[in-house]
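Chemist: Single-letter residue listing:
Protein chains: 2
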Amino acid sequence: MRTTSEILSSANAVKSKAALLTTDEKNRALRLMADELEASAPAILEANAGDVEAARGVIPDVMIDRLSLSAARIKGMAQGLRDVSDLPDPVGRTLSSVKRPNGLTIERVSVPFGVVAVIYESRPNVTSDVAALTLKSGNVAVLRCGKEAARSARAVGDALRAGLTKAGLPADLVAVVEDTDRASSLELMKAVGRVDLLIPRGGAGLIRTCVEQALVPCIETGTGICHVYVDEYADPDKALLIVDNAKTSRPSVCNAAEVLLVHEAIAPTFLPAIYARLTKERSDKGLVPVAFRPDERAAKILGMKPADGALFDTEYLDYILAVGVVSDVGEAISHIAKHSTHHSEAIVTENQANAERFLREVDSAAVYHNASTRFTDGGEFGLGCELGISTQKMHARGPMGLEELNTYKYLIRGNGQIR
Amino acid sequence: MRTTSEILSSANAVKSKAALLTTDEKNRALRLMADELEASAPAILEANAGDVEAARGVIPDVMIDRLSLSAARIKGMAQGLRDVSDLPDPVGRTLSSVKRPNGLTIERVSVPFGVVAVIYESRPNVTSDVAALTLKSGNVAVLRCGKEAARSARAVGDALRAGLTKAGLPADLVAVVEDTDRASSLELMKAVGRVDLLIPRGGAGLIRTCVEQALVPCIETGTGICHVYVDEYADPDKALLIVDNAKTSRPSVCNAAEVLLVHEAIAPTFLPAIYARLTKERSDKGLVPVAFRPDERAAKILGMKPADGALFDTEYLDYILAVGVVSDVGEAISHIAKHSTHHSEAIVTENQANAERFLREVDSAAVYHNASTRFTDGGEFGLGCELGISTQKMHARGPMGLEELNTYKYLIRGNGQIR
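Chains as they are written, first to last, in this note's numbering: chain A, 1384 to 1802; chain C, 1384 to 1802.
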């Protein structure tokens, strides 16, 4: 077994090489990696079966589903690699250029970070998705998968590395950390000078550990307590559609709504309507009904008991919706400032002034007017891909694509200038 | 005395207000703050005299000079505030905008961070410089000055706050931390959710403490082990000028050169020439001569004893120059990769291929061809101002101006879109 420290040394040894790869070299490698992934399907499926067998009864069924690979899923992963080969190369873009009065030209160009470490949980497709994005953006990937998916990640990593070798490139441009103890995550978090960027992808616990422990530059991703505010001037039909979609289309993801805020003027009609739609109407169709957690004002209208506890501070990731009634758009904005994780929030209104105020004043990565929070996604934003959704303000905010995996440097050309 | 925690609470209470100020409101406030600063000169000078008296014999004379204010320096600080009022407002720029096939328009706009805390050392002018930049960029400033300048910083802060009040704005848009114990720095570093961005401005010790202790987003600034590489194909006259300027024009600043690397083919003639220029010729003019710290190969050419210790890993900030001989541009690049703090490096050469290779391969914030490293500065880069020079890769690299004090958010406008 290679230790995490050895893997980091190998990664750093090839980082200049990664930064200088041409677009053609990278695209050719991505296609060969896709081919190898498909050719290695039997080995990957066998490894994955081992992971799934070991996980049964240990992790919830919904997680087992995330963990499980099939021939079709492997084909999808390969297609993901090919799709990234079709995206524009983010490296070497001139971001600005200025000629100074003293004759110096100062150019700002995009460059890779170097070694990008990603810590993630049990979805084996992340291994190939992330490797594709880091390679295309000129970075070296050090991938640390959760232990439930360790066999699968190793097998996927082996195939990707074989593809790199076939392309005549160093296999160490992509490495899967072999030690899946907690210690290996901490080692990545503390590898000052050896990890140029750390991206934790996972639940609130992982993110918190990174905030507390990481000494290397780190981008927090993916915890979403997202709000939909239904304004006094909302079109009720749009509001029903948007709240339904934001809550139920995929409740386990970070851009799903967790909290519904309703203006007091519309609450007496809207709340019973959305309640019927998300509970009885869903049950009638054989769908999982949504459990409402109302505050006092909402509970009164719905004839329910108010919910206990931190109803507005929980990322449910489930068919559960916290519901509050507010007196105006200002109170909605204050409520969001207090409880949001600054991911995605939406206002539903036909009042332009209220919409613009909400867009301007809500301090979240993505702020919507008359659309579902579920659109916060690299693909939906037209980035072509996504490495995660940043909920912090430094460097990248919202969906991170290839450009967000680059930093920049200044190139200054002179003819003997001194100061 | 207000505690640091109270100051943070007040700062957070006005951060939405700061973000929504119009350009006119901010510019008017900056001019009134400048007026108040000038009007408060007697009080500021008295406070400063107290600081200087307490510091005599405690800190070196060069630091006493940095600490000392005069009527002229206060005028300069006021002018700095007025200069920032003339700069473009960085808030609310549309950075990108796209209409998606589903009809959503997705706009990326620049927005302030929120509460920006800055920890700095003993230069009282930093208090007003930083306050100007944070206000203009829509942020709230929490300023934590070193204890040597505490009286001065308080007096400057009082004048700035009086200016804000005259402008009809909350004084708490700018606050000087009153507690100058080490504990108040640590409190800022750990104020998760209450400090949106922390910028330490100071020596290597402060930066290291921030890397190790900070839980809030932090931009490292200003440690510079900068290199000048004199290539085999250098114009010797340009090289002499550039090395001299990079080392001696202001050795105490972070963009001064600390290391000279010389190609072996030119070293036998160039090294004696630069040695004479920086030692005897400076002494003859009554200037401080530069102490050379040569590696073995350089020492042999200069007829000196090789320097001991970590000669290539020290930020001297003094009239001291580490000197090495390398076999080619590749060795120079490798040397820099190993020893640099990724701040500023220069190549002197008339060979275009070597220049472009150096520019491409050296991974530093600013990479120069035939110019002095001393140009790494917000003003010299045309940013109009500077809050510090980032030596990290996340968010901002190199000189940070007003734009770097903004983050962005996505505004998404729809008409009922769901996913």
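Mixed in with the good hints, there may be bad ones.
Identical copies look the same in the list; a pair holds intra-copy or inter-copy alike.
Claimed, not checked - Cut-off 20 Å, straight-line C-alpha distance, at most; resulting in silico cross-link-like pairs (SDA-like, lysine to any residue): (1) K1573 - T1592; (2) K1721 - V1397; (3) K1668 - M1446; (4) K1549 - A1422; (5) K1482 - A1454; (6) K1400 - A1736; (7) K1530 - A1682; (8) K1482 - S1399; (9) K1400 - K1549; (10) K1721 - D1696; (11) K1482 - L1428; (12) K1530 - K1683; (13) K1668 - G1576; (14) K1683 - V1397; (15) K1573 - L1589; (16) K1573 - R1591; (17) K1663 - L1589; (18) K1721 - A1437; (19) K1663 - A1545; (20) K1721 - A1656; (21) K1573 - Q1596; (22) K1573 - E1595; (23) K1482 - A1656.
To be clear, the hints were calculated from the coordinates, so they are not data collected in a lab.
Chemist: Which numbered conditions among the earlier hints are violated in the structure presented, ordered from lowest to highest?
Modeler: 3, 5, 7, 8, 11, 12, 13, 14, 17, 18, 19, 20, 23
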